[in-house]
Amino acid sequence: MDLRELYQEVILDHNKRPRNKGKVINANRHAEGYNPLCGDMVALTVKTEGDKVTDIAFDGQGCAISTASASMMTEAVKGKTVEEAEEMFKAFQKMVTSQGVEPECEDQLGEEIMSLAGVREHPVRIKCATLAWHALHAALQGEEKVTTE
Amino acid sequence: MSLRISEHTACRAIEPSLRNIPKGLRCPAQGFLPWVSTATTIPNPEGVAYLRSNSSQVRFPTSQTNMTVAQQPPIELGQTIRNDFPILSVIARGKPLVYLDNAATSQKPLAVIEALDEYWTEANANVHRGVHFLSERATERFETARETVRRFVNAGDTNEIIFTKGCTEGINLVSTGLQRHSAGLSARSTKGNADPNSPLPKINPGDVILVSAMEHHSNLVPWQMLAQQTGAIVKPIPITEVGEIDLEAYAQLLRDNRVKVVAIVHISNSIGTINPVKQILAMAHKAGAITLVDGAQAGPHWLVDVQDLDADFYTLSCHKIYAPTGIGVLYGKRHLLEALPAYQGGGSMVRTVSFQETSYAEIPAKFEPGTPNIAGVVGLGAAIEYLESLSEALPFVRMVRAGEGEGVGDAGSGSRQKLQNTMHAIHQHELLLANRATQLLSEIPGVNLIGTAAEKAGIVSFTINGVHPHDIGSILDGEGIAIRAGHHCCMPLMTRYSIPATARASFALYNTLEEADALAAGVRKVKEMFT
Chain A
499 MDLRELYQEV ILDHNKRPRN KGKVINANRH AEGYNPLCGD MVALTVKTEG
549 DKVTDIAFDG QGCAISTASA SMMTEAVKGK TVEEAEEMFK AFQKMVTSQG
599 VEPECEDQLG EEIMSLAGVR EHPVRIKCAT LAWHALHAAL QGEEKVTTE
Chain B
27 MSLRISEHTA CRAIEPSLRN IPKGLRCPAQ GFLPWVSTAT TIPNPEGVAY
77 LRSNSSQVRF PTSQTNMTVA QQPPIELGQT IRNDFPILSV IARGKPLVYL
127 DNAATSQKPL AVIEALDEYW TEANANVHRG VHFLSERATE RFETARETVR
177 RFVNAGDTNE IIFTKGCTEG INLVSTGLQR HSAGLSARST KGNADPNSPL
227 PKINPGDVIL VSAMEHHSNL VPWQMLAQQT GAIVKPIPIT EVGEIDLEAY
277 AQLLRDNRVK VVAIVHISNS IGTINPVKQI LAMAHKAGAI TLVDGAQAGP
327 HWLVDVQDLD ADFYTLSCHK IYAPTGIGVL YGKRHLLEAL PAYQGGGSMV
377 RTVSFQETSY AEIPAKFEPG TPNIAGVVGL GAAIEYLESL SEALPFVRMV
427 RAGEGEGVGD AGSGSRQKLQ NTMHAIHQHE LLLANRATQL LSEIPGVNLI
477 GTAAEKAGIV SFTINGVHPH DIGSILDGEG IAIRAGHHCC MPLMTRYSIP
527 ATARASFALY NTLEEADALA AGVRKVKEMF T
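Protein chains in written order, with the working numbering: chain A, 499 to 647; chain B, 27 to 557.
Bear in mind the hints are in silico, worked out from the structure with no lab data behind them. Here a beta-carbon is modelled for each residue, glycine too, at the ideal position from N, C-alpha and C. Take these hints with a grain of salt, some might be off.
In the DMTMM-like style, the derived pairs of lysine to aspartate or glutamate whose C-alpha atoms are separated by at most 20 Å in a straight line are [said to hold, decoys possible]:
| hint | chain 1 | residue 1 | chain 2 | residue 2 |
| --- | --- | --- | --- | --- |
| 1 | A | K514 | B | E274 |
| 2 | A | K519 | A | E503 |
| 3 | B | K551 | A | E507 |
| 4 | B | K553 | A | D511 |
| 5 | B | K121 | A | E610 |
| 6 | B | K553 | A | E503 |
| 7 | B | K304 | B | E274 |
To list a few chain B residues with every Cβ distance to chain A over 12 Å, as calculated [said to hold, decoys possible]:
| hint | residue |
| --- | --- |
| 8 | L160 |
| 9 | E173 |
| 10 | G210 |
| 11 | G232 |
| 12 | L273 |
| 13 | A308 |
| 14 | G314 |
| 15 | T384 |
| 16 | I389 |
| 17 | G396 |
| 18 | D503 |
Covered by chain B, per the in silico footprint, the following chain A stretches (three or more residues, Cβ under 8 Å) [said to hold, decoys possible]:
| hint | stretch |
| --- | --- |
| 19 | 530-538 |
| 20 | 548-561 |
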């Protein structure tokens, strides 16, 4: 089995140099996501102005998949409306759990995030990829803590 | 039990050219192993690393943790018996399976699989209640297995062996019983009060329950629940940086005279430390505490002797001892089990029942309500008999035969001796592999070994700088190598080392030096991918 499908260069790059790592100083929304199975944690801080996500950052610890996914997610939703971000969350969930949905998901999520589609072949790693997105959903919904269980 | 297997194994062990005999073909020497007593096919047996003693009194040497690769035995245990475990020929991710997750669960020998098959096809019935042929047969096998387990842990009395659904349940059985006892409930019936002369301590607010900093959650959470119910306090015995119990700090903790229970893991599932349990228990008893040993990792890899340890309670996880899942063992000293209130109520655990009062049966029935996991128990018996039979197959059998029966107590001494030989060989073999893996991994820059106690079992826990253990696990999986990545149900221990998780390779009797090498090669691949 070629693990390169799971660990594509773009994923390894986001893991090595995560974007938007840290905290948003004037955040008005935040959420922590936990994966109790492996102890991974992501702490999201989000600033929304009107219906727009104007700034977002993540902190915490996790594997390459969860770190890269969080990093890509923050890049992808910055500047989007809350509604658009929620739609992307749904598209991401669909992408990592269903086969043959690439074209429509790619429209919404972009090519880079699609590189995470490889987790479909590794069921236990799907939660690693979705952790940051669940945290985003929780933050936007006003929930402060979420687990992947 | 499955004599065919042990003969087959024995033949392959002793004459390497016979290793490729297809399964099912009988060896040329049925029931007799002529090679065992001839020196010609076992050249220089004294050179074999396993053969450290020809005494029947052989105990596990404690000074061989530094065995070097140069001392590899000429006939390796793993290669010898591998074919007894059918699952090891599975192709995983297109590569031959390298199964190094034995601390999570062990694979099952054909002897166990066949025993289960035979039980279901020839002996299945409920135990202890039928007057018919099959029920008697099932009961006989079930109770024979109890005696086999008694031998395995060297308990003094077969009734001290309680079958549970796992190690976790055994610990909960004791902690719950202590809670009921502390609440003043009778150990004999659904009415009445606790015996004022009970040998069990009453746990009061402010009393202390000691566990170690390396406990599995299963030997921590039940005690926290007991503490919650009684007002007691759970305190950790600290460990040193290398992962050994800090005995001085432990002695200090015992000094406050409030310690009622000491619950300690025998061998750490996370970092492999073999704790000096005998000493720890002696100190606890001197301080007036009762003791429980979590033997989940010791059972499969170490000769357990509950009498020698003087353990009040000792628990086993049987799926780690090459037996099926869903079966565990609780050993308890007879007078303590008798004093312990029942855990669950139901059929089989009663003497007389009325709407006014139910009195409990004697041990072990008192703690075994409902229909037990009969097949699991039969499988466990077969697993232990398999271990005993390995003694016949191992080259060193020639050495210990000379002293067989000497100086060993009861009528089961022959079996006990065989177990002693097997468990000794297993421990030495696993140590050899773990030391090889440790040596190879320590040569890779950026790899950190977690837990470097002087006395260790075949467990190698490590991290790689900049790589999360889950990624190590996934990449090794791509190579067909099964390890565990995570906190190993030891979150406080991970906190102790300020890490979220480790990657853990755990070896068993059927692993080989080649597999230790494959692990190191896999880890180098992980490093390449992440740098």
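Verification of the supplied hints:
1. A:K514 x B:E274: violated, 43 Å
2. A:K519 x A:E503: violated, 25 Å
3. B:K551 x A:E507: holds, 15 Å
4. B:K553 x A:D511: The hint holds at about 15 Å.
5. B:K121 x A:E610: violated, 30 Å
6. B:K553 x A:E503: This hinted pair holds, its Cα atoms lying about 17 Å apart.
7. B:K304 x B:E274: holds, 16 Å
8. L160: holds, 41 Å
9. E173: holds, 40 Å
10. G210: holds, 37 Å
11. G232: Its Cβ never comes within 12 Å of chain A, the nearest being 32 Å, so this holds.
12. L273: Answer for B:L273: holds, closest chain A Cβ roughly 30 Å.
13. A308: holds, 36 Å
14. G314: holds, 38 Å
15. T384: At roughly 39 Å from the nearest Cβ of chain A, B:T384 sits farther out than 12 Å, so the non-interface label holds.
16. I389: Holds, because the least Cβ-Cβ distance between B:I389 and chain A comes to about 37 Å, which exceeds 12 Å.
17. G396: Nearest chain A Cβ is 29 Å from B:G396, so the label holds.
18. D503: violated, 8 Å
19. 530-538: With 4 residues closer than 8 Å to chain B, the stretch 530-538 of chain A meets the three-residue bar; holds.
20. 548-561: holds (count 3)
The structure fails to meet hints 1, 2, 5 and 18 from the earlier list, while all remaining hints are met.
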